[in-house]
Amino acid sequence: MNPVNTISGKAYPFGLKNVDTDIIIPAHWLKTISRTGLGNGAFEALRKEPDNLFDSAEYAGSPILIAGDNFGCGSSREHAAWALDDMGIQAVIAPSFSDIFSGNAFKNGLLTVVLPQEAVDRLMEVAKTDPIHIDLENQVVTTPFQDRFTFEIDPFRKHCLLNGLDEIGLTMASSDAISAYETRLNTEKPWLAPQMI
Amino acid sequence: MTQLRTLYQKIWDAHVVSARDDGTCLIFIDRHLVHEVTSPQAFEGLRAAGRTVRRPDLTLAVPDHNLPTTARRDASGNRIPITDPESAQQLAALEANAPAFGIRYIGDADAEQGIVHVVGPEQGFSLPGTTIVCGDSHTACHGGLGALAFGIGTSEVEHVLATQTLQLKQSKSMEVRVEGEVGPGVTAKDIVLHITGLLGAAGGTGYVIEYTGSAIRALSIEGRLTVSNMAIEHGARAGLCAPDEKTFAYLKGRPMAPKGADWDAAVAYWQTLKTDPGAAYDKVVVIDAADIAPSVTWGTSPEDVVPITGSVPDPASFADPSKQEAAAKSLAYMGLKPGTPMHEVEVQNIFIGSCTNSRIEDLRAAAAILKGRHKADNVKWAIVVPGSGLVKAQAEAEGLDRIFINAGLEWREPGCSACLGMNPDKVPAGERCASTSNRNFVGRQGPGARTHLVSPAMAAAAAVTGRLTDVRELIG
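Respectively, the protein sequence lines represent chains A and B.
Here the first sequence is numbered in numbering that gives the first Met the number 0, starting from 0 and rising by one per residue.
Here the second sequence is numbered in numbering that gives the first Met the number 0, starting from 0 and rising by one per residue.
Same shape as in the complex, but just chain B (with noise of 0.2 angstroms):
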């Protein structure tokens, strides 16, 4: 009889290149995104060893980071400078690397140009059952195609540039497994934030986590992207579900996805990345999708998770002494009083974009909240950052840019902008921002900004009301 095997197991076997006996195997990797602000010195290292990139047609180079999301081309075409000198340095490193060393580049100039986890998918340079690595640790975005992706840092970077494989241990593996169907309101966001509230921010460390239940199969591609983007932050390496007719549908006709009899055999090999029935997960957890609320952080870690309809909590309610110390430093940072509900926290900015929620379904879901709205006098700065020119496109097709504009939000020009403010986009000291991105931590969207992390639907009812607000109010 074979071995029963999970999926992370099936992966991980196809991409091993040789083991050692302590465990260490050298493992394939089938794609390499690379972006402007992890790669610069791993170039720089591949320069002094004399070494080339082993594999450039595995690689793909995007910037996204530092680009600022206001208009990069004046009235004829021209490229307006970057005002930031440092920011401006980064890029042109990256423009200069990536001819270099013979990797394509998507540029500022090009239409495909976005977030590097949104870029892939949508290229179809993504794919099922593939080792996906790039210096950043959204990389496990991409493991809701059914992908081993994961984040590396730049000594890996140079190490998968020079030899297209990376040393590692296998992690454990475990299931999250989400059963049911979710309320009205209820998206992926809020599945994964429910998840990572359940867990704690190291719950996941250690393992690969798969995705799996009623709840996840019934998500959209792009649903659940936005899930296995935040595998991170509760400490998993990386995050999956399995491939099935859905993601071949997505990936069908995408530019860099394979085709004719190619396509045939990819996905008859894509069908069976799937956890052979009755195998062994090292551990399970199981989550009724009924239980869970439209969602929102109110500390500095992602795990402070609440659902809208709660209140803040208090320190002293939590067991762990140093989970009470670390709460105490975060309500002191957020401003916020132990037993204030959610819905009455004012908020002066909004933020929908980043490789979490900037998707064409993300930006769907906010303009249906605003449509016909307009955002509250309190709400200062709101802006809507598509994850590509192609998602801004498309958008723009469908009239989503005048419901944004209408409704008192900017539509800008694609990349990560206020998720973690790189480039001129950041959140002023001491106010609070309603944000689709996935990391709440201190000073994340620029020096003493205050960060809750919410859905697009929910950011746009912020927008509307001026405070977090429940989104089902404003629906149906």
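Same shape as in the complex, but just chain A (with noise of 0.2 angstroms):
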């Protein structure tokens, strides 16, 4: 995973609420055995609107979207996340995020930042003329007129954003660990194997 730290450009104001997985990659874009290549299907409904803003001269290609509440809620497909990730978005700013895309998101190093709804606001009147720069070692956005909003992120996210580093090669050097716990339960939790059929 590619190192995130600081994100700054333009930003699609979106301000939509309660946006489902659904909306950012529908069903048929899933029978995909690979990782890439989903940005095409990405806002595929929306984006079927005239004058819609992903595809507007001025937005295209923005590293940041700001949305409404409760984004990403739905489904647990991770091809949300990689279908923002190949469109090129390496940030989303909203007031919250379904628990499900925000993990997914952190996962390939898609940057959830979590900001009142009245910041919110503020960014998408900026992002409608000006640029919007994230900044995750000091957690913070900030805007060309002053504006600062500081952020809260999980420390050990912000560790492994920040470094690149592979949740799973981390969670293997806890190996011992693990083979103790289950040690412990074929003990005390015999019956918890499932039969063979």
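If you are wondering where the hints come from, they were derived from the structure by calculation, not from laboratory data.
Where is the CB? At the ideal position from N, CA and C, for every residue including glycine.
Careful: at least some of the hints might be erroneous.
[Stated by the list, open to error] With the C-beta cut set under 10 angstroms, the calculated list includes, among others, these residues of chain B facing chain A:
1. HIS14
2. ASP29
3. THR37
4. GLN40
5. GLY44
6. GLY123
7. ALA161
8. THR162
9. GLY447
[As the list claims (entries may be wrong)] Simulated crosslink set (DSS-like; lysine-lysine; CA at most 27 angstroms straight-line):
10. LYS188/A x LYS251/B
11. LYS9/B x LYS188/A
12. LYS171/B x LYS157/A
13. LYS273/B x LYS188/A
14. LYS282/B x LYS171/B
From these two lone chains plus the hints, build me the complex, please.
Set out below in structure tokens:
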């Protein structure tokens, strides 16, 4: 995974609430067996509308997406994070995210920034004309107009993002602890092993 | 004095392999269900890193999303090729990956094949007090047995395959207590739609919900699976129903469940799986079961719920400006006008199936309404998709298939089907579907499709009249 630190540039002032993963990437795009190329299907239904945000000359290729409450709700499909990544989005700013989506985003180096609705409203305004800057190290979002919004992020996730760490590799370093747990489980709950069919 | 703990806390504590100072825990995963859509990239990742599956014995692979629900074998027993090359490729990937990594595989030729969330409980693979994950958000379903079950993304699928653990932070706990008796025609689906309408699509975000109260205890296990299945539709990571004698009776004798002395030891443990009296939840919501009516959705979020006796709401009636905008967009998509009584809304399609409502009790409830009746002429497409091959066989043994066919409905092979239309079962653009599935999102059942979520009995009632219908008009 590539390290993430600062993200600067135009932002899509999307703002919609309850954006579900079927909106981000419809189910017929899930038939792929690879992680790439899904940007073509991102926001497919919305992009059929004339003058849509995502294909406008003004915003196309923006690295930041600004959305409403509960972004990424619905299905667990990681394809939603892959699709955003594939269309060049590196960070999503919203008042809240679904639990599964934010986990998927993190695992793909896609930064999710939670800010209060007022801050999101202000950034929506700024995004119409000017770029936005996200600084992960200092946990702050700034604009050319002296706006400064600090955000919280799980310290472990921050550490992994800044250093581009692979979570599976980190967990495999705890292999002995997992083995010890398994041994204890076999003694305490031997019935837990599934019967063979 | 020992600390009072919720059911969620007890299951969490029992699965902590190690804990970091920041509260992140390495959590052991007892059961991993794998299907064809969210696993290919995980297996690809394992191969690329030269990793193996740590515990293939705790993993079960079942294809469900892409399989056609039409016949899969010709008269001579040969496989009928799947016409969509991408679906075929994804199914072939799972069929190859499972044995390559030593994972048990229940394939399309097996009588036990079905939707993973139907197969897990049915086989006794899913057990109370276990942690269960799957690359599918409706994994919350298994919480109906008292398991901590939740959906994960593909990177986490790969993480579980490689390590049999996940790095997690504990969620907050919420009790949703439904007290009292529900009225006639009100089912588990109506209870969970009502809860979703009340909490909102994000109301449970950050929480694991335990469903309690006399109305939940009164539900069958299949009803509890339905309620827990839709925990994710109100944003919760997982839903739980404390296991009880009904749970044990449901699981006893299932193929993968413990046997003999193991069974007794398991039950002794499962009996400890209840929230201690006086243990505190982070949030409590109390619902009077008498307030729940047969329910239906009007919009494009599962929170858009009204009683069937209600009307399409006016977007201006919502206090929140962003909800007003979302409601107006929903109504435009759904082709509905504010004030229209829900029972006047005509439907052209009926879907009875999905991991929410495709078990034998669901099919019995639908058949009870359809017996001796016929679908309305304006209903062009009506399919019944059992949740598994075993549900299908049971329904056929009870003659339910004949009731559906005589009523003009199609009787299909098991799978996810028109819940999300990854296989050929789709609702045409601009048409409506009374659907027993779990999501009414834009384009969920096919591009431009308009979904109204209902219970199996309500879907059957809609098939008979050709419009959304109060099932109470057709019973007793």
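Here is how each hint holds up against the structure:
1. HIS14: Since chain A brings a Cβ to about 8 angstroms from HIS14/B, closer than 10 angstroms, the hint holds.
2. ASP29: Since chain A brings a Cβ to about 6 angstroms from ASP29/B, closer than 10 angstroms, the hint holds.
3. THR37: 7 angstroms, holds
4. GLN40: 5 angstroms, holds
5. GLY44: 8 angstroms, holds
6. GLY123: 7 angstroms, holds
7. ALA161: Hint on ALA161/B: holds, closest Cβ of chain A at ~5 angstroms, below 10 angstroms.
8. THR162: 5 angstroms, holds
9. GLY447: 9 angstroms, holds
10. LYS188/A x LYS251/B: 17 angstroms, holds
11. LYS9/B x LYS188/A: Between LYS9/B and LYS188/A the Cα gap is close to 15 angstroms, so the pair holds against 27 angstroms.
12. LYS171/B x LYS157/A: 22 angstroms, holds
13. LYS273/B x LYS188/A: Satisfied, since the Cα-Cα distance of roughly 18 angstroms is no more than 27 angstroms.
14. LYS282/B x LYS171/B: The given pair, whose Cα atoms are some 8 angstroms apart, holds under the 27 angstroms limit.
When the structure is compared with the earlier hints, no violation turns up for any of them.
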